[in-house]
Each structure stands twice: as C-alpha cells, then as structure tokens.
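Listed in order, the protein sequences are those of chains H and A.
This note's numbering runs 3 ahead of the 1-based position in the first sequence.
This note's numbering runs 60 ahead of the 1-based position in the second sequence.
If you are wondering where the hints come from, they were derived from the structure by calculation, not from laboratory data.
This structure is a prediction, so every number in the text was calculated from the model and none was measured.
You can take every hint at face value.
From chain H, some residues computed to sit far from chain A (all C-beta separations above 10 Å):
| hint | residue |
| --- | --- |
| 1 | Pro48 |
| 2 | Ser108 |
| 3 | Leu116 |
| 4 | Thr148 |
| 5 | Tyr164 |
| 6 | Leu165 |
Chain H is faced by these chain A residues, among others (derived, beta-carbon under 7 Å):
| hint | residue |
| --- | --- |
| 7 | Phe77 |
| 8 | Leu80 |
| 9 | Thr88 |
| 10 | Leu174 |
| 11 | Thr306 |
Just a sample of chain A residues kept apart from chain H, beta carbon distances all over 10 Å, derived:
| hint | residue |
| --- | --- |
| 12 | Leu129 |
| 13 | Leu131 |
| 14 | Lys147 |
| 15 | Gly188 |
| 16 | Asn293 |
Glycine included, C-beta positions come from ideal geometry on N, C-alpha and C.
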Amino acid sequence: MNSTLFSIVVRFFVLLFVQILIFNEIDFLGAYDPLIAILFLLLYPINTEQFSFLIVAFFFGLSLDIFLMSGGIHACSFLVAAFARPAILRFTFGVSYDYHDINISKSSIPQQLTTISLLVLCHHIIMYSLIAFSWNRFLWVIERTLVNGIFSVVLCFMLFYLIKKDEK
Amino acid sequence: MQQIINSILRNKNVLIFLLLFSFGVLLTIASDSFRKSTASLINQQITGAVFETSNQIKAYFFLQKTNSLLLNENIHLKNQLALLQEKHSETTYNPKDTLYFYRPSRVISNSFSLRNNYLMLNSGKNQGILPEMGVTSAKGIVGIVSYTSNGYATVISLLNSKTRVNARLLNTHHFGSLEWDGLDPSIAKLVDVPIIAPIKEGDTIVTGGNSYIFPAGLPIGYVHKIHVPDIQNYYEIDVKLFNDMTNLNDVYVIENLDRDEVITLQKKNLDE
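Just need the whole structure built from these sequences, with the hints factored in.
In structure tokens, the structure reads:
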C-alpha cells in the first residue's frame, strides 16, 4: 500500500469516528452539530481521478449514515459536494487548478476559507433538503444551512490548521 | 456501438454521480424497509458495539446526574408503593397481577435532528426485548421498539413521522393522538382531541392505554399551546415533552404480558 492510499484510509476512519463519537454529541442549542467529516473531501488528493473520488465520497457518506441511522442523507450530500469540488477549486484557484499545481495547505487563508465554505454549503443544502423533503420547509432548510454551516466552517478551519501543523 | 461506448466513457463521472445519487435518495426514502433487511441486522451488531464502548466512557461524566434522577424516581415509586399498600392492606395484593413487565436498558445512540429519528438500545432478543414494546424513561415515554438483533434494539423515537401514540388529558380523560411535526425536538403535537374538552395551558398529558404497547397513565408532557381550528371540531395542541429527547440515557422497556392474547383477539375481530 503506498503512502497516499494509506493516508486516505486513515483519514476515512479517523474523521468518521471523530465525527460520530465527538462532534455529533455537541448538540449546540439542541439542534446543531458541526460537520467536520467534510475535511475528508478537502484533504483528498487533488490530482486523482474524479470517478474514484465520487465513489469513495459516496461510501464515506454512507458509512456516516449507517452509524447515524439517517438512511442515505449523508451519502447523497457527500456525493454532491465531491461532484462540485472541481468547480469549487477552479473558482477559488483559477487556472492553476487545471495545471494541478495547487496545494490547499500552502494557499492563502481567504482561499482556504472559500474552499471550505463552498464545500460545506453544497453539503448542507443537500443534507437539510433531504431531511426536510418538502418545499414547505424551505426557510427551515436555509436557516439550518446557514447556522450549522457557519459552525461547521469555523471548526473545520480550526481543525485544518491543527492537521496542517502536524504535517510540517 | 463504438460511439455509444465512447460517450459513456466520456460522461462516466456524470453517470456514476446520477447512479449513486439516485441510490442515496432511494435509501433515504426507503430507509425503513432497508432497516428490516439482514444486512441491517449485521450493521446493528457492528454499530451497536462501537456505540456501546463510547457510551461506557460517556456514562462516567453523567454519573451524578443519573444518580439524582434515579433517586428522585425511587422516592416517587416508594410513595406510590406506600399508597398502594395502604389501599390493599385489607384485600390481598398480589404483585403477580400486574399486566406489564419492565426491563432496564440504556440508550447508546440517539438521533433527533432528522425527520424520522431512531434510537439504539444496548439490549435485544437475548434480553427478551421484542418489536412493538414501549420504551420509557423516568420522565416520560421515549418510543417504540421496531427491530431487534441478538444484543441490540432499534427504537422508533417519538420524534418520527410514523409515530402515533394514544394519549389523554390527565384531568378530563379526553383522548387524542400524539404525533411529531418534525420541527422542535421538545414539542410534540396532540391531535384529535374533541373541542368540547375543557383544556388549558399547563395541563398534563399522559398515555391513554388504548393500545397494548404502553400502559395507561405514563407521563408524556404538558400543554404548551392550544390551536383552535376554524372548521374542524378537534383541537391541535402543542405538547412540551417532559423528556429531553436530545439527552436520553437510562430507559425501561415495557412488555405487555397479555400482548399475544390482545393481538389474537384483534385479529379475530378483523377476520369476522
């Protein structure tokens, strides 16, 4: 097993269990749980094939679903976020994305924040829409997405900095 | 043919996306039938083992709170026992006459932010827990057991669109049906209470006992807000639950000892 694959597998399980056992127990104001598992999509190597990335992202979400008893909600939202990742990276990094010479942990703070926020936004919109499953609760979806989204982005960003320092 | 294969290969990312997405949505909609499958029972064993370990660690942080809760419940039960003994001091009182049997269990995993929420208990078939048994905590009812594996049980939470619990007003004995609208985990809705029932905010709601799942008189919550409908002759009442559904730990599973008899009777009635 080469080192890239090894670190993906380690991240898969570490983020999965950290999310389930720690961050899903926070219950801020009784309803909000920050989602840090999305770091898995952020840290996934950029120069890999999109095809395998989509499948891995789906199964990562599905594993969360199995533990959180939520059907296929996370599987769908992780899949959509993974599908949107190339577009998000192209938006944040411009042409340099197409030449595969970007490194998220070495980029500027605004770039990192934008990437994390857009990934979280994609994920949360799909997740809360699937939870609500009705147009009547459109405002509820927006409110949840924004509040929980800000919460998730802040924690993701902090964790991202912790992980980054370890890698040096 | 070559062209078709080429176009599939070119769009394989979009295709796999659509395929997996539809599969995910299907899982979300049909999550209930998925839960019945054998694969799900194996899942239950694995996730149950993980949550059980984490729960054992977590339980240490709440020992004091749990102790005081159990102590309060003990006092309440002792008082009731004293009352009962007084009542039955002349007649012979046989505890074997009871209709319900309580088993202790512990919630190891709990969801409350979804539309259809479930709980997991750390006891299952081996401990005598079967589907359609009621689950209650010291404060109020929690849900109904849906599936069991050897060591674990999945419970349909009160906070689920499929839950209907027969409930009544403690003072006036008017019946209604308790359901959840998916918005606030501390508020449930009591519907089908006839408009002639005298009712005011703060009234206690308890289980009705019109089913074989819960005995009558278990606490549920109190009246928080009353909506008087324009056309229909029934109230819609917001019930503030006594239980904090986001923080559940020790619970009891209730077995109705006459369950089989009740079910056969009901079946007979249906057949006729």
